[in-house]
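Here's the letter readout for the chains.
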Amino acid sequence: MDREEHLTAQLKAFEGRPAATRATGKDPVNLPMIRHWCEAMGDTNPAYTGPDAVAPPTMLQVWTMAGLSGHQGLSGQGRSPHQGLSRHQVRSAAYDDLLALLDAAGCTSVVATDCEQEYLRPLRPGDEVTFDTVIESVSDRKTTKLGTGHFVTTRTDLRVGPDLVGTHRFRILKYAPARTRKTPPRPRPVVNRDNAGFWEGVRRHELLIQRCTGCEVLRHPWLPGCNACGCPDWDTVRASGEGTVYSYVVMHHPPFPAFDPPYAVALVELAEGVRMLGNVVGVPYDKVRIGLPVRAEFRAYDDELTLPVWRVAG
Amino acid sequence: MNRRTAIVGIGATEFSKDSGRSELRLAVEAVRAALDDAGLVPADVDGLVTFTMDTSPEITVAQAAGIGELSFFSRVHYGGGAACATVQQAALAVASGAAEVVVCYRAFNERSGRRFGSGVQHREPSAEGAALGWVLPFGLLTPASWVAMTAQRYLHTYGLTPEEAFGPVAVTARRYAATNPAAYFHGRPLTLADHAASRWIAEPLRLLDCCQETDGGQALVVTSLDRARDLPRPPAVIAAAAQGAGRGQEQMTGFHTGDLTGLPESAVVARQLWRWTGLTPADIDVGILYDHFTPFVLMQLEEYGFCGGGEAAGFVAADELPLNTHGGQLGEAYLHGMNGIAEGVRQIRGTAVNQVPGAGRALVTAGTGVPTSGLILTADG
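Residue numbers (this note's numbering), protein chains in the order written: chain D, 1 to 314; chain P, 1 to 381.
With the rest of the complex left out, here is chain D (with noise of 0.2 Å):
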């Protein structure tokens, strides 16, 4: 058996045990909660008001919460509500262990992942809730977008005097945090004497087009000098934004590591005439086509680097 296999077998042997017996709600059902809670939600509905309220079903979890400061003996020691029992005098040793195992397994962080509720009858002002959690299942190991962990489900049966009004079912992720691949910088622009106002433009969110002054014919790339007529003056307009993909690229391989294949690269015939490269958003890659309407827009990659890129027009 090998170390996984082991660690799971150790975990499943908390399936079925405890995690809190006979614990009793902190408050018993009241009114100002309700109404709280209804506030909170934006419920409207009148059968949470007036002298014959009922506390919304689905606060069903609400009346076993320990609250901010957790209960009485265990204030500032226990573990995170999140953990999926709250602070609670009663929680179990088992549950306790079973945390502490994943924890030393490397499962260091958690995250609620879904519950389920069963409600038997309504729940009226007055009632004190009493509640026993058992630990439902330990999933084997599983890998998740997140890191890799076991899924724990506990169950907990609420009920009012011996009467069981509520089932509430909850499952949290404890998992080993998946090392977050930092993407390499994309390549940087080669900026010099002669495009700097280009990529300075591009900082200001302004995509800046060079203007010959002798014919004043329109130039993309930036040059110092005109190919029309060889003059050496120029200023700068600035691009409207609009533009149609005159061609575009669906990049597969060899893979960059600052990009994710497959990606479009379209080359964008503005509407003032000259053509520029860039990467087209707000589509899929494979629907990008010649003639698409797209609009310029600008995004930061990282703190030196921002880009033009072409929304696809609405």
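Calculated from the structure, these hints are not laboratory results. Do not rely on the hints blindly, as some may be mistaken.
Stated by the list, open to error - In silico SDA-like cross-links for lysine to any residue, where the CA-CA straight-line distance does not exceed 20 Å: (1) D:K287 - P:L160; (2) D:K287 - P:G159; (3) P:K17 - D:P254; (4) D:K12 - D:R155; (5) D:K287 - P:T161; (6) D:K287 - P:K17; (7) D:K142 - D:R3; (8) D:K182 - D:D302; (9) D:K287 - P:R199; (10) D:K287 - P:W200.
Remember, it's a predicted structure, so these values are computed and weren't measured experimentally.
Mind docking chain P on chain D? Use the hints.
Structure of chain P alone, referenced to chain D:
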């Protein structure tokens, strides 16, 4: 210059994916092999021409090959676009009297060493670097990606699919390579279905639209036609040699202007070659058209006037011109077009493995999408 010089010797190393030796040694081996083929010795050589993006300087090749004083040496820029221009430089030098015997060479470990196909992510802020800087941040980082941009527009303009347009070029190259023992893809022909099933590299280009990457060296010996007539091999006469750059020419990223359905630089070369020789496409017996990527073979056929715009795929599929009879760079080897010039010479000599019967006129071209060059080689007499 025209019809006053000839290619009199060709020599190459083996074509491999890992030569196991230095680029300088490959260059020297190729130069020695070409001189042997020409019936000349190192002492006869007084000129050397090569490419830029090369690690074997003329003087070092001379030093290691037993060549003495040099009166002419030069390097032509722009990658594979330089191929036929090295021969033009040699022919100009010989015709002008600057040199008598000039060897052109290209040697690299382009597969086991620095691979052009692996892309570029950083350039220094020179004018050339800045030109590439307009495309790198967006993830257009490889030669295939730069060609694909023009290829996509070509397909769109003529209403063609990548399979029907590019497939015939790949299949033709591999058909000839299959019967060429020197070819990397010797014995391995392709079908159109194989082409269509190959994986995307940079849509609309698939793996089988891209040439190989090769380790090896190729050299060519140029001298005067008068002297050539005294040498053992039949001369491949340099009937015309030309360079070409279009208006607003760029290196590989020339999609900012123009309609992206052709190769303006090839048009410049074609005009000169036809004008100087008085020949037309119908006079050409064999075409060795630079095939780094299949779409640019189609556009060259159209620019040289073998067929109209958008018709080249059909022209290739119908086998109307013996094309890249060594297997091209798709099938034989990627030696920046120098192996294609050698194939042109073999066709004129009548010694090619896939010989075109009675071939007397060969058109050979260099890399496109960059400033380019071309040659028309003819039989003597």
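Results for each hint:
1. D:K287 - P:L160: Holds - the C-alpha atoms of L160 (chain P) and K287 (chain D) are around 18 Å apart, at most 20 Å.
2. D:K287 - P:G159: holds (18 Å)
3. P:K17 - D:P254: Given that 20 Å is the threshold and the Cα spacing comes to 18 Å, the pair holds.
4. D:K12 - D:R155: Roughly 16 Å between the alpha carbons, so the hint for K12 (chain D) and R155 (chain D) holds.
5. D:K287 - P:T161: holds (16 Å)
6. D:K287 - P:K17: violated (37 Å)
7. D:K142 - D:R3: The given pair, whose Cα atoms are some 15 Å apart, holds under the 20 Å limit.
8. D:K182 - D:D302: Roughly 12 Å separates the two Cα atoms, so the pair holds.
9. D:K287 - P:R199: Distance of about 19 Å is within 20 Å: holds.
10. D:K287 - P:W200: holds (16 Å)
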